[in-house]
Amino acid sequence: MLDLKKGGLAALAMAMLAGGHAVAADAPVKIGFAGDLTGACAALTEDELNAVKIGVDELNAKGGILGRKVELVIRDSQTKPDEGAKVARELIVDEKIDVLTGVCSSAVMLAESAVSGELKVPFYATIGSTQRANIELYQPYFWQAQANATMEAYAAAEYVAKKAEWKTIATMGSDYEWGHTSVAAFSERLKKLRPDVTIIDPIFPKVGETAMAPYITTALNTKPDAVFAALFGGSLGSLIKQGQGFGFFQRTNLVTLMTVDTLQSMGSAMPASNVYGIARAPFFALEQTPEVKAFIEKYRAAYKEYPTDWSINGYDGLMFYAAAAEHAKSVAPDAIIKAISEISYDGLRGKGLKVRAFDGQMNAPSYVGKATKVPEYDFPILTEIEKFPGEALMVSEDAIAAARKAAKK
Amino acid sequence: MDPILSARNIRKRYGAFLALKDVTFDLPRGERHALIGPNGAGKSTFIACVAGQLPGVEGKMIFRGEDITALTPASLAKKGIGRTFQISRAFLQMTVMENIMAAVVIASGRWTSLSRGLYRDNLEKAFGLLETVKLDDRAAARVADLSLGDRKRLEFGMALAGDPELLLLDEPTAGMSIKERHYLMEMVATRMEETGKTLLFVEHDIDVVMKIAQRVTVMARGAVLVVGTPAEIAANEEVQAIYLGGHH
Amino acid sequence: MNAPAHPTELSRRWSSLSGIDINWKLVIPALILAEVINRTTGASTTTLLTEIIIFALFASSLNLLMSFGHMVSFGHSAYFGLGAYGFTLAVTKAGLPLEAAVLLGPLVAALGGLLFGALCVRLTEIYFAMLTLACAQITYTVLFQWYDFTGGDTGITGFMAPRFGLSGQNFASLTLAVVTLSLFALWWIVRSPLGLSIRAAGQDRFRAEALGLTVRRVQLTAFVIAAFFAGIAGMLYAVLHGSAFPDYAGLGLTLDSLIMVVLGGLNSFAGGIWGAIIYKLLGAFVPSLVHEWELVLGLILLVIVLTAPKGFAGLIARLGLDRKGGR
Amino acid sequence: MVLIQFVNGLMEGMTLFLIASGLTLIFGVSRIINFAHGSLYMLGAFLTYELVQILAPGTLWGFFASVIVGAAIVSLIGVLFEVTALRRIYGADGLMQLIVTIALVLIVRDVVRMIWGPNSITVPMPDALAGAIVIGENYFPLFPIVVFAAGLVIVLAMIWVIYFTRAGILLRAGTDDRGMAALLGINERMIFTAVFAAGAFLAGLAGGLSAPYGEVNHLLDTTVIVSAFIVCVIGGLGNLYGALAGALVVGITKAMGVMYFPRLSMVLIFLIMAAVLIGRSLGRQGGSAR
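Chains as they are written, first to last, in full-length UniProt numbering: chain A, 1 to 409; chain B, 1 to 248; chain C, 1 to 327; chain D, 1 to 290.
Isolated chain A, as found in the complex (with noise of 0.2 Å):
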């Protein structure tokens, strides 16, 4: 029952798709951005989306990189591996993009990598931060511009190991590989650091759960002094709103990813005390240097919002990859890749950003500090922070040949 008519329209439907895509030698730099813009990353990715825009226009006003204009193509993973590695893939071979960037969801960024390192293009990551792409899927066209779960729970731990009358922490993670990746190497840096501490075996709900009532029962039930939560989004928000009924703010402490767009939505809702939040590039904690201060001027001018964490990372990813192109005086990926080990770049979250060769691992900072409602802001910022520097979080290069060795098995 196959029949013409359908022929006929499936052909002019691909004729459209196909259309021309002659790339001229002074054609513009292609940034091509494969991002979660819809599904469960959704609000992430489009603070990152806002910060790449302002960071694309930027470069413009300045002379484009390498004096060549700067392109942002836009596509939506919808926060589908095989949809992101659909559309990378569409943007490297079609629209011939120089770099490949956007990805949230640690499994549309190991498809998007995959991709990346088979086509030879390449791509970086300012969200998604599996550990796997620096161990067993490692790739050379890859660099993560941003600290991975395991150098934000490494941060955790080193905080939690400074407050000294803490002596029991309990646990607790969603059940995917994030939050089992980050509760372990919580642990492994505590106990190392203070072999004091009794660690409470952790528990997993499920990815998304919102009723946390058991898991808070479960929890206060060992009478920790400091739970560690390896949760975000709908879990996070319900571990904080139900944990207030059950004195949890009360009886406990709780450290966990608060970013800036989490602060923003828990808003009210934040307890008066006993939250530590772990974040990426938390604005008010950023050293507020002229640049600093006039991109938040320009994030709050365009977007009637503050930056979050996710929009710091994305500008600071993209004015990375211009540097590289600059002292590579090219954007060819193999130039592009050696040249980002070599450069050492200052961004909005301090001096000396570099990407180690090994792993295209960056040595992003992490920031741990104290949720507190404070007079300046209509939500809550955190207090007393502590920024732990790259280097001293990343896994050792020893460390990961190991891994990647048993991981081969």
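Everything labelled a hint here was simulated from the structure, so no lab data went into it. Among the hints, a few may not be true.
Subject to a maximum C-alpha distance of 25 Å in a straight line, what follows is the list of computed DSS-like cross-link-like pairs (lysine-lysine) [what the hints assert, rightly or not]:
| # | chain 1 | residue 1 | chain 2 | residue 2 |
| --- | --- | --- | --- | --- |
| 1 | A | Lys162 | A | Lys408 |
| 2 | A | Lys387 | A | Lys373 |
| 3 | C | Lys93 | A | Lys408 |
| 4 | A | Lys405 | A | Lys53 |
| 5 | A | Lys351 | A | Lys338 |
| 6 | C | Lys93 | A | Lys405 |
We have chain A; now place chains B, C and D onto it with these hints.
Positioned in the frame of chain A, the structure of chains B, C and D alone reads:
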């Protein structure tokens, strides 16, 4: 002559309601037997019990000397019990030929076959059945487009595909015109006559019963009231009082 | 009785007497057209074409259950996922050569279909559908959580050159060939005595039982066949992307396939093919044209369903464009 | 701890029931699998968020008034959808109706995102309900207890409407026997619309009531719809008491499961459903599968 079907103390309840109260019933081989009775007498329930349609039937059902009480409709069909339903249940989205062919294929037990040669081998049998029920000229029509009378005849033809020893027809003429009723039931009677198979049918039209049935069982309130020839039944005062008198 | 007719005449008579037929004259041009599109357009069109072809098979396998067996599955992606993982794990864990692994995917899917199907066919209608959903979610969870074996939620990537290292166009041609053969096999099954029994069991299970058909056994057979072909589609998809993710067995894909079958048109063999073409094209174009693509896609779905409640194939039949089909 | 977990389970169960009740009502009467039920729930949450800010944030009456007004608006949206889209295809295959409701899911999700953005929002909890009843070392949070009570009120109200009012008699006539309803001269379409309105109201109510206790964002629809369906199926679709029992069983098993089999949290609800369905199929006599 030993009965082809013999029911012993058949009892079926729906919750607190006893639909069949210890029905005992013998059906001689080769007989055309009608089940009559007022609405709610348990006729259709009894047919459904014989056909294995209902769960939780108590009592014992013997078919050709074998206990069939707990068997499923499919295995009863394989043992030689064919049936039609009160409401026409032909395969609506198939053609007449496909309906008959489905019946033939299933009756042959080769439903897993992937070979369309099976159709070729059975086409003549299928056409034969269609001729029997006078539908050979409508073979390519879709069942959904058939008249009710045609559908009922088609169902009869399908029920014949497995050459059943016992044919159960549950109100085969419901909803048909008087002319159609007699046309269908005479066709059934002729076929039974020719093949010597047994027929048990539920029927409301007394004229049809008188003409077709060799013997009649009258049921009322879930129990057998009386069994006899049509003439005996017609003359029975009790039947007249309970059934014929109250006939609407 | 008539004198025995000549066999070919009989088979010709059977064809004219059965309700479903295919217009062979149009199949070859359609295939040629697909291949021409493949060879004359860009890489992304080729990828889209390949996906359409793969999903035409996936949706058609579900269509076997839905249109012919009248069994509505809410968990068909499980077998797509099992096909993909069966293949992928055969390569990564068992170290099988690709040729053998390719066969293993669909077999694993069929095995899953046998196991879950045996449970599901004991139920009917919405309860059948919900048990298939439960089975699919159990499959999804195993793929999602069994880190040591399935790679967990971040899936398995980089274990092979996508498309066996073939060029996009050559792989599209290969896919077209495999899917055409598979669709032909499905078509053959639908028209065979087995297919007739599946349709009979689907249209009226009581009638079919009274004729001597063990309906559950027929339904289980249909379920396993559908799972097998969904497994082929899943395996092809894993090869296309060179990766496998738990999402392949997720609820999203199940919904996609349901939408495809219904949009394409129930009670028609071509429904799954039509649905895959329409839905995939919409999914490719709408997001590239508007930011609020979910809104627009929803509105388009609404308009299509309200104007063509019998699906696309039904619409075609109504317009008289496709005389034989649309049943 | 077991006691607290049990109470936790009861509380979650009631929330689940609130979501499922409207779904099972709509299915029971019009046989529509309303996939957009989660979207209506989400709309209830967002409307409550808006209304609370207008009315009186933090107060008890402000919260409950917002929830009820929000649910009423959701109900209107439901009616609009039923009249413009669903009603046109009652004659078509049931699956077409499913697809129409899926289309609505996509539309509502994007509209919500356009209005309220992709980030989560927080609906402030009424100050009076923020605390807990503390017995020794055990905390029993107030808010879910109030939701539980509200759920009980709704159950009783539904029972009263369905079994003791004229509307309920008409409704049951419509559910049990379409022909009977026609005989009584009831406009079947009116019943369908009324029931859809009631189901949408319940969805909006559930969304509003649960809003302060969890995250509210444009993805709330999918989180909710699957578990609501499962609860209905466990209880027997269209069966109100069944839905209540199913919801409590799911809630309590989930809460207890955290202690005894934590790794199963992701599939637990599906395993319960599978067990119930398989049990149901085994409990049935062989032969005619119905």
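Looking back at the numbered hints, which does the structure fail to meet, lowest number first?
As far as the earlier hints go, 1 and 4 are violated by this structure, in ascending order.
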